[in-house]
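Asks: Start from the sequences and build out the full structure, keeping to the hints where you can.
As you go down the protein sequences, you meet chains B, Z and H in turn. Numbering follows this note's numbering, in which position 55 of the first sequence is assigned residue number 38; successive positions increment by one, without gaps. Start counting at 1 in the second sequence, then tack on 13, and there's your number in this note's numbering. Start counting at 1 in the third sequence, then tack on 18, and there's your number in this note's numbering.
Since the hints were made in silico from the structure, they are not lab data. Where a beta carbon is used, it is the ideal one built from N, C-alpha and C, also for glycine. Hints should not be assumed to be uniformly reliable.
What follows is a set of in silico ranges between Cβ atoms, one per label pair, in the way DEER data are often shown [stated by the list, open to error]: (1) Z/GLY46 with H/LYS26: 40 to 50 Å; (2) B/ASP111 with Z/GLU31: 14 to 24 Å; (3) Z/ASN55 with H/ASP132: 45 to 55 Å.
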Amino acid sequence: MAKKFLSGDEAFAEGVRLARPQVISAYPITPQTIVVERLSEMVENGSLKSEFIHVESEHSALSCAIGASAVGARAFTATSSQGLLYMAECLLYASGGRFPIVMMNANRSTALPWNIYGDQRDSISQLDSDWIQAYAENAQEGLDFALMSYYIAEHREVSTPFMVNLDGFVLTHTYETVDIPTQELADEYLPPYETDNRLDIENPKNLAFSAGPEHNYIFKYKEHRALLRAKKIIAEAEKHFAEIFGRKYTGLLETYQTEDAEYILITLGSIAGLCREIADFLRAKGKKIGVVRLRYLRPFPTEELVSAVKNAKAVGVLEKDISFGNEGTVFTNVNSALFQAGIGIPSYNFIGGLGGKNISHKDIEKIFDLIEKGAEHINFIEI
Amino acid sequence: MKPYLREKENFGFDDIPENTSFEAGYLVSVNSGWRSIRPVVNVEKCVGCSQCYLYCPDGVISIENKKAVIDYDFCKGCGICHKICKLNAIEMEVER
Amino acid sequence: MTVKDLAKDEFFYGHKACAGCGGSLAVRNALKVIGKNAFAVLPAGCMSAVGFNFPQLCFANNAIISTFAGTASMLTGIEAGLRAKGITDFTAVGFAGDGGTADIGIQALSGAIDRGDNILYICYDNEAYMNTGIQKSGLTPFGAKTTTTLAGKNIHGNIRPKKNMFEIAAAHNIAYAATATIGYMEDFLTKVKKASGLKGTKYIHVIAPCPTGWGISVSDTVEIAREIVDCGLWYLAEYENGEFILNHNPKQFTDVAEYLKKQGRFRHLNNDDVDLIIRSRDEKWDKIRNNWKFGKD
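Replies: Encoded structure:
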C-alpha cells in the first residue's frame, strides 16, 4: 500500500486503475474531467492497460460501455450533471440489459440556471433507472467504492450497473491522504469479469431484444429482485474487502451516535462529516443527537434505517435535492421506510447546498435545533 | 447455419432469462399465414440460376439439384422471385 | 462477388419484416457475405423490430439492438471490448436505417469515423421513418409524400433534398465509403466483401425500398431499386484513398417521370416538380462526371 495526497477524482481514478477496466469511454464535463485525465495518463504511461475511447458525447460514452460489456469486457465511464442527463436513455438500457458497468458521477447541479457546482439533483433524478447508487463521503471511500462497485455489480446475483457519486468540487477537487492498495491485493479482491450475458462466437446470442406484454413484466420483476439481492452482496463485498485491505465499511448506511439519540439527522455524501462534528459539539452540551449517513440510495436501506431511528423522537433529512412540487426525494424515501415500519415520529426535510451553496456549521446547528423543536415540512435552509 | 423452429414456444417465469440475452436464431412461429399468394416453381423451366435465391428478402429459397426450392413455412408470398425470374419458372398461385 | 460466392447459411431468417421488404434483403445478404463472425448491431428501427421479439430471435449470428442514436457507439464498444479480450477474427457491423443514420445517429457515426474505429456501418436507406409509419427523415428525397410531409395544394411533399450521407462520410476522410442498391445485388455484395476486409471505418449506403412507404407493389422492391440507378437519381460509387470513384456510368438515363409515377409517394408531383428533380439530377451528374474517377463498369 502507498499513501498519496490526492483529490477525490484522482483517488477514484486510482481505484479504477486497480479494477483493470478493459474499455473506458468518457466525455469531459466539469467536475469529472480529472478522473478521465488521470486515466488517460495511466494508459499513456502503461500503468493501465485499457482501450480508452474518446467518444463524442455522454450518450456515446455509455452506449460504447454497453457495447463493451455486451461482449463481456469490463467497462468504465464517468460523467456529471448535464452529461448524466444526456445519457439517461442509456442508463436504463444498461440496467435493463443487466450490464454491470461502473460509472463515476461527479454530483453537480443541473441547468437552468447554469451552474457547475455540487448538488445531488443529477443522480437523484435518475434513482428509478435501476442502477445501484452509492454516495462517497471522502476520497478514500471513493477509491474503495471503485473496487467494490465492480465486485458488487458483476456478481452473478446482481448483474446491475453501479453509479458511484462524489460531491462535485467539495469531494472531487479537495485533497486528502489516501491509501492506495497494491495491484496484487486488488487482483486478489477482484477477479476478471466472467459472464454468459455476452455475444460470443462459440455460443452466438441475440442480446438486448424486445419483450412484449406477455413477458416484459417478468424481466422487470427480475431486475428489481436483483437490485434487492445487491444488499446481501454489498455486505459480502465489504467483508471480503476488510479481509484483504483491512478497511471496514458499514453497509448501506453508516450510523453515528444513534443508539441513544433522541434526534437524528439523516443525510448523504460529503456533508456527513460536518454533521458528525456538530453532533459531537451538541452532545458535549448534553443534547442526545445522532447522524445517519446513507451510503446507498439504491438499493434503499429500508430495514437498516428503521433500526437506526426507531427509538428517536424526531428525524430530519438534509439533502442537496428537491423534487419540485413535492419534497426532497431522499426525504420521501425515508418517510416511506418509516411509515412501512409503523414509526410515526415527526420528520422534517432540510433542502440545502443547491447549486453549490455552502452548508455551514450554523446551518447544521440550526437544523438540529429545528428537529428538536419542530419545523416546517420542507425547509430551504438558506431561505 | 440458420435460425430454426424450436419445440419450446412458451416461456413461463422460470424460463425467462435474468438478462436480455438468449440463444441466437431461436424461432417459435412461422410466417406462412401472411401469404395470400404462393410462388410455385416450375421445375421444367427452372435452371437453378439462383437469382430468386439472391433476391428473396426472407431467404426462403434454396437451390437443390439445380432447382429452386421454397420453404413455405417462412415465405410471405411477396412475389419478388416471380418478377426476377427471366425464365418465368415461378408462378404465383392463390392460397386456398 | 456473384451469387456463386455466397455462403448457403442464412443468418437473418424467420423475421417479421413486411413482405417484399428491401431492408431485410440488404441485411440478409450482407450477413451472408460477412459470415458467422459478424457481431451485428441494429438500432431501434425496422430491422430490430422485426428480428428480435423474444422468444422469436431471428439472427443466427451474434446480434444486439442498440439505442436509436447509438449504432456506431455500440459498435465502437463491441470492437474495443473484443480487441481488449484478445479476439481478432470478427466483423463489427451495424445496420441502421436512414433516420438512425442521417438524423439521430449521425453524431455517433461521425465520432466513430473520426476515431477511425474498425467497424462496418451499413445504412439501409428506405427514405423515411418507415417503422413508425412513414415520417420524413433527413434522407427523404425532394417531393416525397410522407405522413409528416403531406402533399396538398400548398406543399407538394418534402421540400428539401436528401442529405448526402455518402459524401458526409467521405468528408471525414473515412477509410472506405460506398453507395449501393439492393437492385444491383452483386455490386452491393462486392462492396460489403471489400469493406469487411479493410481496416478502419467503412460506410456503405444501400438503397432499400419499402413497398409500404414508397407506394409500390411488394413484388416491385427490387425492380424499383434498379430503376433509381437507371434513371440517375442514385449512383453506384466508392470513396477510397481520398478519391471518389464512379462504378457505373449510364450512357443514357431512363425516364425519371416513369420512375416517379410508379410510386404512390410521388404521384402528386406536377411537371414543374419533375423538371426540378431532373435538373438537380443533371447538376449532380455533371459534378460527378467532371470530378470523380471512373471505375470499370
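Asks: Starting from the hint 14 to 24 Å, judge whether the C-beta atoms of B/ASP111 and Z/GLU31 obey it.
Replies: For Z/GLU31 against B/ASP111, whose Cβ atoms are near 20 Å apart, the range 14 to 24 Å holds.
Asks: Note whether the CB distance of Z/ASN55 and H/ASP132 lies within 45 to 55 Å or breaks it.
Replies: Roughly 54 Å apart at Cβ, these two residues keep to the hinted range, so it holds.
Asks: Does the beta carbon distance between Z/GLY46 and H/LYS26 stay inside 40 to 50 Å, or does it fall outside?
Replies: violated (27 Å)
Checked against the numbered hints listed earlier, the structure breaks hint 1 alone; every other hint is satisfied.
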